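Given the sequences, and given the hints that come with them, work out the whole structure.
Counting in my numbering, the sequence shown runs from 1 upward without gaps.
None of these hints come from the bench; they were simulated from the model.
Watch out, some of these pointers could steer you wrong.
[Claimed, not checked] Capping the alpha-carbon separation at 20 Å, the derived lysine to aspartate or glutamate pairs in DMTMM-like fashion look like this:
#1 Lys190 - Glu139
#2 Lys190 - Glu158
#3 Lys186 - Asp2
#4 Lys186 - Glu139
#5 Lys186 - Glu109
[Stated by the list, open to error] What follows is a set of in silico ranges between Cβ atoms, one per label pair, in the way DEER data are often shown:
#6 Arg124 - His8: 20 to 30 Å
#7 Pro138 - Gly178: 16 to 26 Å
#8 Met93 - Glu194: 43 to 53 Å
#9 Gly159 - Arg54: 16 to 26 Å
#10 Gly117 - Gly91: 18 to 28 Å
#11 Phe170 - Arg54: 18 to 28 Å
#12 Ser172 - Gly91: 22 to 32 Å
#13 Ser191 - Ala143: 20 to 30 Å
Bear in mind the structure is a predicted one, so any value in this text is a computation, not a measurement.
Cβ coordinates follow ideal geometry from the N, Cα and C atoms, glycine included.
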Amino acid sequence: MDIDDDVHLARIAVAAGDNELADHAAGAAAERSERNPGLAALEAVAMHAKGFVRRSESDLSRAVELYEAGSRPLALASALEDLGVCLVERGAMQDAVDAFSRALDIYAEAGATWDVGRTRGRLRSLGVRRRVGTLRRPERGWASLTDSEIAVAQLVAEGLTNRDVAERLFISPHTVSGHLRNIFMKLNVKSRVELARVVSGQSGQSSETDRAIPSTVPSVDLLADGHRQPGEPVG
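Structural data, given as structure tokens:
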């Protein structure tokens with residue numbers, strides 16, 4: 001299970017008209033975040049899921065802020081797209097165009113072709129036509145990690161075992177091991193000590209970014225389409 005699965009589940013539930021399941025998904029994300037205070041990735045997912053289900057600009061804006069401070073481009077693009085949908089519903093068309101445009105650029109840089117097509121459709125419905133180039137997501141380095149891999153890396157860097165990480169993130173130890181193999185390969189590290197150094201360095205960069213990033217956030221027919229519109233590390 002990935003840490004942002006609750007957002008995906010919320011989309012499915014909303015599309016199916018299952019409000020109870022949607023609330024459950026948002027609640028599960030909130031509980032996971034509360035059990036791991038200070039882990040921005042989980043707080044971002046919690047705010048994203050809550051904002052999506054409640055169609056709340058403020059919650060989605062907060063999710064965008066949290067994603068901006070990290071290295072999770074696709075999650076950021078998704079939150080921006082969802083925020084854009086809410087802005088359209090409120091009639092804030094220019095703000096919605098800005099949000100969709102940012103999301104489109106991020107999707108394009110990541111090579112997310114399907115998401116690019118959907119977001120261009122949202123912009124066309126607002127009278128805006130955009131052409132974008134495509135760049136591939138990095139294969140190595142911190143920027144190449146997925147949201148789930150970042151969450152695992154941060155907890156392992158705190159000294160948690162694979163089993164501890166699994167319990168904190170509600171996933172299996174086997175899944176944690178799989179994430180760690182990918183993390184070690186992408187970051188070119190061979191031990192948890194090396195990983196902790198990389199995470200510590202990245203946290204320092206994020207703190208600098210926090211001070212530099214303005215607190216403006218853009219912000220769907222929904223959350224990326226809940227609503228119609230166009231050597232194994234040992235724990």
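Hint-by-hint comparison with the structure:
1. Lys190 - Glu139: This hinted pair holds, its Cα atoms lying about 17 Å apart.
2. Lys190 - Glu158: Holds. Lys190 to Glu158 sits at ~17 Å (cutoff 20 Å).
3. Lys186 - Asp2: holds (18 Å)
4. Lys186 - Glu139: Holds, because 7 Å separates the two Cα atoms, which is no more than 20 Å.
5. Lys186 - Glu109: holds (19 Å)
6. Arg124 - His8: 20 to 30 Å: Distance hint for Arg124, His8 holds at roughly 25 Å.
7. Pro138 - Gly178: 16 to 26 Å: Because 20 Å falls inside the window, the suggested range holds.
8. Met93 - Glu194: 43 to 53 Å: This hint holds: roughly 49 Å between Cβ atoms.
9. Gly159 - Arg54: 16 to 26 Å: Violated: the Cβ-Cβ distance is about 36 Å, outside 16 to 26 Å.
10. Gly117 - Gly91: 18 to 28 Å: holds (25 Å)
11. Phe170 - Arg54: 18 to 28 Å: Since Phe170 and Arg54 have Cβ atoms about 22 Å apart, the given range 18 to 28 Å holds.
12. Ser172 - Gly91: 22 to 32 Å: Once the Cβ atoms are compared, 45 Å apart, the range 22 to 32 Å for Gly91 and Ser172 is violated.
13. Ser191 - Ala143: 20 to 30 Å: Since Ser191 and Ala143 have Cβ atoms about 22 Å apart, the given range 20 to 30 Å holds.
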